Structure formats: structure tokens, C-alpha cells
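If you're matching them up, the sequences are chains A and B in order. Take the first sequence: its position 95, counting from 1, is numbered 95 in my numbering, and each next residue is one higher. Just add 1000 to the spot in the second sequence (first one is 1) and you have my numbering.
Treat the hints as calculated values from the structure; they're not laboratory data. Heads up, some of the hints might be wrong.
[Said to hold, decoys possible] The calculated DSSO-like cross-link candidates involving lysine-lysine, where the alpha carbons are at most 27 Å apart (straight line), are: (1) A:K6 <-> A:K246; (2) A:K25 <-> A:K189; (3) A:K123 <-> B:K1377; (4) B:K1141 <-> A:K58; (5) A:K25 <-> B:K1306; (6) B:K1340 <-> A:K24; (7) B:K1377 <-> A:K137; (8) B:K1306 <-> B:K1162; (9) B:K1134 <-> A:K24; (10) A:K61 <-> B:K1406; (11) A:K25 <-> B:K1308; (12) B:K1141 <-> A:K25; (13) A:K58 <-> B:K1340; (14) A:K24 <-> B:K1406; (15) B:K1406 <-> A:K78; (16) A:K24 <-> B:K1308; (17) B:K1141 <-> A:K6; (18) A:K29 <-> B:K1230; (19) B:K1162 <-> A:K24; (20) B:K1162 <-> A:K6; (21) A:K61 <-> B:K1141; (22) A:K137 <-> B:K1406; (23) B:K1405 <-> A:K137; (24) B:K1111 <-> B:K1087; (25) B:K1252 <-> A:K123; (26) A:K61 <-> B:K1308; (27) A:K58 <-> B:K1377; (28) B:K1340 <-> A:K137; (29) B:K1340 <-> A:K61; (30) A:K6 <-> B:K1340.
[What the hints assert, rightly or not] Simulated coverage check for chain B against chain A, where a stretch passes if three residues somewhere in it have a Cβ under 8 Å from a Cβ of chain A: (31) 1373-1386; (32) 1398-1409; (33) 1428-1435.
This one's a predicted model, so the numbers in the text were calculated from it and none came from an experiment. Ideal Cβ placement from N, Cα and C applies to all residues, glycine included.
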Amino acid sequence: MATEVKSPTFPESVADGTIANWVKKEGEKVQQDEVIAEIETDKVVLEVVAPFDGVISKIHKPAGEIVQSAELIAEFEKVSDHSADNEADQHPEPILKTEVASEPIAPEEEEKLNGPAATRLLKENNLASDDVVASGKGGRVTKADVVNHLSESSSKAPQKKEVIGIQPSQTGRDEERVPMSRLRATIAKRLLSVKQETAMLTTFNEVDMQPIKDLRAKYGKEFEEEHGVKLGFMGFFVLASVQALKKFPLVNASIDGNDIVYHGYQDVGVAVSTERGLVVPVIRDADNLTMVQVEQSILDYAGKARDGKLGINDMQGGTFTISNGGIYGNLLSTPILNAPQTAILGMHKIQDRPVALDGEVVIRPMMYLAMSYDHRLLDGKEAVSFLIAIKDQLESPERLLLNL
Amino acid sequence: MFDVVIIGSGPAGYVAAIRAAQLGLNTACIEKSFDSEGKSQLGGTCLNVGCIPSKALLDSSHRYSDALNHFSDHGIEVSKPKLDIPKMMERKNKVVAQLTAGVGGLFKANKVTAIFGEAKVLNSNQVEVLIDNKSEIIETKNIVIASGSLPINIPVAPIDQKNIVDSTGALEFSAVPEKLGIIGAGVIGLELGSVWARLGSEVTILEAMDDFLPMADQKVSKDVLKEFNKQGLNINLGCKVTSAKVTAKNVKIGFKKKDGDEELIVDKLIVAVGRKPNTANLFDENSGLALDEKGFIPVNDYCETKVKNIWAVGDVVRGPMLAHKASEEGIMVVERIAGKHAEMHYDLVPSVIYTHPEVAWVGKNEAELSESGIEFKSGSFPFAASGRALATGESTGFVKVIADKKTDTILGVHAFGPSAADIVQQGVVAMEFGASAEDLGLTIFSHPTVSEALHEAAMAVNGNAIHIGNRKK
């Protein structure tokens, strides 16, 4: 059955685009997330990627034609050599699939591909091809790859200290040395790599929470009685973010090598603090969820997190993250990106503050919003407009109802 | 309507046309040149008046010079060999005819439509072709400009193709000029100078620049200059030609040197000061195309011009004017038109001078690396230490391998000596795969071959050469 391939949703400021190039032809086999077409707008070249492994069955808009936002440009079909594969594809088991995909090729077979010097150096240092980032033709590991790998790990080596426990320090006063937990070590590594590998900066805004507070006061009780979950603040933030992500697909995209990957779904991670550290379970397909379902899944995740039952699968992926530091009384912060995502929204404490409204000083429950984003992908204008789109929806929650 | 129309049938154009047809594109190739008998002529400069005929003459002249000067070294005594220049030229023309006919045959076999006439690009979908003074419009989805290049003329020495000739005329002398002057000590000047010097001309090369072969490795240039002067090419650097007068008997050349004006009298003068893109009257001013200040068509790394669906490859675009670079660009472009992924590795285009011994290189030389602050190590091996080179009696020159100081990745291979072009080619293959000097060292080379010099030079990079003392680190 054919699936429609549509042009990406263009940013507000972009009227239309031109099909610059069909990277893949009609009938050509392509893999999921491979770029099949490039659409040129007056600002950027947008890439259209294959929704899954298959073939382009029909191109509706040949190169050179003007296309509108989210317009049908081609039809895409699944192909499969075996009917068994076909069945598996129709009932995707994400965990199983990723495991199969990431299973390494037999190392013996792979090492044969490398040049003689790299092969020797790998063996001498007890390394496998997999341990080294390969830069050579056809995925080969070159000698330079191994040399660079070794010099990187040797520069890190002296930091390893094996002595664990309470030890008198050089000054004679006690210090305790304990190994980092796996979770802590992973968090440390990821946060540092994000700082080093992205061009991260933060934009701020503030939101008047009065309308949402009023809404909660008016309907909170009824909501809880009807649905069995509390009407919190988080649901509003998740739905407002989803609306804004749809308007600004680049914020929902991620960088992969030299490519931009546009995600056709909004999976929103919600940072949850646990005893062992911060975890970010992901609310999948948040664009299809109602307020009730969002609140319900946050509640479920919070319970799982408390019981230490969150699985890797609950936390993998995600196209955008919301972090709520407000529950600890945090007034303003600059959150760190959750790689490879492009943006993260920081919520803060709601505090009564005097603000100027219609020429008068009034006291309103205000919250600062912070959004850190990867400047490599997002321009300031887009990031700021995105944050304002969220603010507008929170200050007029009826917009959520009207998809505005 | 064609999928691709290619303008020019030289090594860029004809190769692109064949590849395009292989990829299932409906392809036409337009060629405007005709031979002296008025027959249409495929193959461009390379096949007709460049690479191929010059190599035919280089080989013939080398055999003559061998018989004359070196047979006796091997204990072979022959009576003084006699030159038959018309026959030598006939052989050269036969080679050219065979190869150009071959291109026609390949076009037929691949169903490429050959169109003979003068092409002009009107817009991205239309090419006007002037066939026997009649204009015809050809419709196409893509246009590839591969119109090549022409010898540069200098006003002080106007070409008459009789006494003052360009590279084309220098392949057509009917007798060996007693005294031959050449302006330009570049690749073309050196190759043509070699041909006629071997056949008996007293050659003088005048080069305006003070540096000899500045694009080659400095040690290579130095050794080459010494060897070629020994071969009688009389290379004079820093000589600016100011006049060239054709008299009834000879050509009187005036030139400026640092220490004053001088005069040289020759029978023939070859002007080989370089080539310029052949882009005159190539496109309509409304086509959207434009030339840069040197007459090249500006393109990006994928040979795309600023007009969609118009591409330009080979000598009409930036980069070295080399047949193999042009062919690869032609292939890249039509593969991209066919929706395939293709790209050029411009830093891995090898350069060759087909003198004897040959000069060849790929990648960076030491001066370039020092200038860009890249730390490197290098290893050299002289042919004088190569068993095979000595056995052949051709032990001039050396091979040099340059590698990154830290990673050992090969950054350049330079050779001056027997089969230098083929030796460097092995380096190109290795570099294409990101090889280190050690990789070449760990590769088995047949013994005895001149290629072993590459093996030893690669091992010398890390101080491990076997057949020569290694430099102390």
C-alpha cells in the first residue's frame, strides 16, 4: 500500500519551496531516513527523507516544481523480499529491531577490509574495528583512525584512579573516593559531549500563568473526577510544545553527520528527577495525545521512575525535551540539550510578581521560560519565535483547543 | 528531447557521453572540429593534437635516441640510424585515426547521437547547432559544456603555424629544425622540446618565471632541471620574450634577462605558454551563464554552473587542465544527472610530464605542507639503488613519499625516473583508501621492478628502508 510523502511543514515565514532535486528516482530502493528529495526555500534547503525502507512508487512533483507546505510530492511503498519480513514490518517491535540492526558484523570478516597497517595496529593494541571510528573508504579503519584513537585514550588514561574508599589526602584531611554509578557516569559523559559538540545557547521569555491557574481552579476538580488524573501544569506545556514543534519542524529535527533529520512525529521527553539521577522518559507521539493521555503518561512514568522500573526503551529517542526545575524553586536556569535533539525547554517556579499590564502595575503569577537550542541548526529568529509560540498558547490556553 | 546534450567530444565530453548512455540517458554529443580533409573529428585536443600524438612522437623519438646513443651501452652496434620524419608523422597520424575512429565506434555501440556542428547554449533546455551554416535547435533536459581549451597566443610572437607555431603545429614539422626555440618551460614545452632535441634539434627554452616547475616538489624540480639541461633542452629561466621577427630564413627572438637584453636566432619557434578555456561564442547572453575574468565557466565542486541543469567540465572550468581530471568530472556530472551519488577528490588528481625519465606526482609537496603548517615526515629512494633500474640502465631520479608526522597517512607521492607515472599511480590508489606509509611498506611488491622504489621510499618514511641507509631520526 502506498504511503503519501509530503513536503515538510515550512516555517511560517516561508511561503513555498521548489523541488531542487530528486536524490532518488522512481522505483529506486531506499532505506529509512535516507534523503529522497531536496526542497529549496528562500531560506534553507529542506530535505525529505524516506519514511521507512521501500521504493518511491510515484513522483508527483518533479524537480523544478513549486510546492506548498506539507503538500503531497510522491508516493512511497514498502518492498520486501520475504513475506515474513513484511509481516514483521507491519507489527514493528522497536526494541527487537534496533537490537538486530546494531548487532555487529563478525569482527573477523570486518577486519579483513582494513589496510595492513591498521590491522596490525589494532591487533597490537587488542582493539577491534568496532572500537575505532572508521574514516576510510567503504567503512575501513585507516592507520590514522587507530593512531588518533590511541592518542585520545592515552590522554584520558592518567585520569583513571583505582584507589577507592576513604583516604587521607595530601593535606592530611580525609577525602572519600567512590566510583560513579553507571547512570551518573553516562549523564556526565553525555552532558559534557553536548557542551563540547554543539553550539548551544539559551533564549528567555516569561509567561503569565494566570489563565492556566484560572482554568485549573475552574475545572481541576471536575477533570480529576472524570478522568482519574490531576490536571497539572505539565500537560499544558507538553501540548503547547507539540503545537509549536509542528509550526517549527526544524526545532523538532536533529543533526546526523552532515544531514538534517526531520522527524515526522513529536516525541517529547519530560525530565524526571529520581534518587539515582535525572532521567528523561519520552512521551511518544505526543501530537496524537489528549490532555488526559499526556497527564496519564506523565503519572505512569513518575511511578515507574520512583520504583526504578523505567526501561531503556522508555527513555530512548525523543525529539524535544521539557525540564521542570520549578518544582525545586528554581527561578531561572539554562538547561543543557538532550543530544541529538535541537532544543530543550526549561520551566521554572511560578512566582507572584508585579508586572505592567495595560498601563497598570498588577501582581501576576509569572514563570520564566528558558529554551536552550543548537545554534548550528536553529537561527535566533526561529528559536525566539518558537518560544513565543509556546508563551502565546500558555497565556491563552484556548489556542490549544483551536490548534493555533 | 534529449536527457543530456554534451558540447565537445574530448576526454571530458566523449567519456561523459558514453557513461550517460550507459546509465540509460538519451544522449547527444556535439563536436565542431574537422580534420584537414574536412572529415568530422571526435576526440578533442587530447586525441587529435595533444596527449596521444605527442606521446606517439615522444616514443618514436625516444627509440631513435636510444638507437643513436644507448644501444652501444648494451653492446649492440648499429650503423647510424636514419630518420624518416614523414613516416614518423604517418605513424602518429595512424594512431590518432585509430583512436578517434574508436570513439565513433563507442558512440555507436552505446547509442550516443553524434552531432557535427558548432554549438551555442541558448538556455537550460535549448542548444543551437550550426550545421553547414544552417541553424538547428536541439531540446534537452541537461547540458554539459566540455568545450576544452586552446593554446594561449602572445602578441609578441604571433602564431603563423609555419615558423612560429603552437603545440599543434609543433606536432607537424616536416623536417627536424636545426635550431628550435621554445617559449615556456611547462609540461608542453618540456615534452615537445624533448621530442625535437632527441631528433637532433638544438633546443633553447625560454621561461619567463624564475622558478622551474613550481608546482612540483622542490627536490624533483631541481633534479629535473639538471637532467634536462644535460639532455640538451637548454632551459633559461627569467627570460621575458619581447619580440619575435620572422625573416626569410629564420626567426629572430628578442628577450629580456635580469642582466640585459639578448637575442636568439632559431629556425622554428614553439609558443607553449599555456592554454586558455575555449569559451568564445559558446552561449547566448540570455542563457544566464557568464565567464570569470580568465574566461572560465564558474562551477562548484559538482561542476554545476549557476544555471540549473547546465554543467561544465574539463578545461573550461577551474583546476588543472588534464585529460584524466576532465574525464572524471564528465563521469561525475552524468552520474549525478542520473541520480547517483558521485564526487571528485580534487586533491588526488595526479600530474605527469611524459619526458624521459618521466616526472609525476600526486598530493602535497613539502613546501605546500610547511606553508600550511602540517607536520610531516618523508622518505626517498633513489633509482640508483634499484636493481631493476640499474639492469635497465635507467637509474636517474628517485621516489619520495610524504606522510603525516603523527598518523602516518600518505600526503604526497613524487617521482622522477623510469615509469614515474605508473609508480605515482600506485600511490594514488593507496591514498584513495587513506593508506599510511606503513600500509605500502606492508604490501608485497614484485621483484625486480622499478615499483620497488615506491615500497622502499614508503618504508624510508619510518626509517625502515632495506636497500639504503636510513636517515637518523
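Status of the hints after comparison with the structure:
{"no.": "1", "hint": "A:K6 <-> A:K246", "result": "holds, 14 Å"}
{"no.": "2", "hint": "A:K25 <-> A:K189", "result": "violated, 41 Å"}
{"no.": "3", "hint": "A:K123 <-> B:K1377", "result": "holds, 25 Å"}
{"no.": "4", "hint": "B:K1141 <-> A:K58", "result": "holds, 20 Å"}
{"no.": "5", "hint": "A:K25 <-> B:K1306", "result": "holds, 23 Å"}
{"no.": "6", "hint": "B:K1340 <-> A:K24", "result": "holds, 8 Å"}
{"no.": "7", "hint": "B:K1377 <-> A:K137", "result": "holds, 24 Å"}
{"no.": "8", "hint": "B:K1306 <-> B:K1162", "result": "violated, 41 Å"}
{"no.": "9", "hint": "B:K1134 <-> A:K24", "result": "violated, 40 Å"}
{"no.": "10", "hint": "A:K61 <-> B:K1406", "result": "violated, 51 Å"}
{"no.": "11", "hint": "A:K25 <-> B:K1308", "result": "holds, 18 Å"}
{"no.": "12", "hint": "B:K1141 <-> A:K25", "result": "holds, 16 Å"}
{"no.": "13", "hint": "A:K58 <-> B:K1340", "result": "holds, 18 Å"}
{"no.": "14", "hint": "A:K24 <-> B:K1406", "result": "violated, 40 Å"}
{"no.": "15", "hint": "B:K1406 <-> A:K78", "result": "violated, 48 Å"}
{"no.": "16", "hint": "A:K24 <-> B:K1308", "result": "holds, 18 Å"}
{"no.": "17", "hint": "B:K1141 <-> A:K6", "result": "holds, 25 Å"}
{"no.": "18", "hint": "A:K29 <-> B:K1230", "result": "violated, 61 Å"}
{"no.": "19", "hint": "B:K1162 <-> A:K24", "result": "violated, 55 Å"}
{"no.": "20", "hint": "B:K1162 <-> A:K6", "result": "violated, 67 Å"}
{"no.": "21", "hint": "A:K61 <-> B:K1141", "result": "holds, 16 Å"}
{"no.": "22", "hint": "A:K137 <-> B:K1406", "result": "holds, 20 Å"}
{"no.": "23", "hint": "B:K1405 <-> A:K137", "result": "holds, 22 Å"}
{"no.": "24", "hint": "B:K1111 <-> B:K1087", "result": "violated, 36 Å"}
{"no.": "25", "hint": "B:K1252 <-> A:K123", "result": "violated, 70 Å"}
{"no.": "26", "hint": "A:K61 <-> B:K1308", "result": "holds, 17 Å"}
{"no.": "27", "hint": "A:K58 <-> B:K1377", "result": "violated, 55 Å"}
{"no.": "28", "hint": "B:K1340 <-> A:K137", "result": "holds, 17 Å"}
{"no.": "29", "hint": "B:K1340 <-> A:K61", "result": "holds, 19 Å"}
{"no.": "30", "hint": "A:K6 <-> B:K1340", "result": "holds, 22 Å"}
{"no.": "31", "hint": "1373-1386", "result": "violated (count 0)"}
{"no.": "32", "hint": "1398-1409", "result": "holds (count 5)"}
{"no.": "33", "hint": "1428-1435", "result": "holds (count 4)"}
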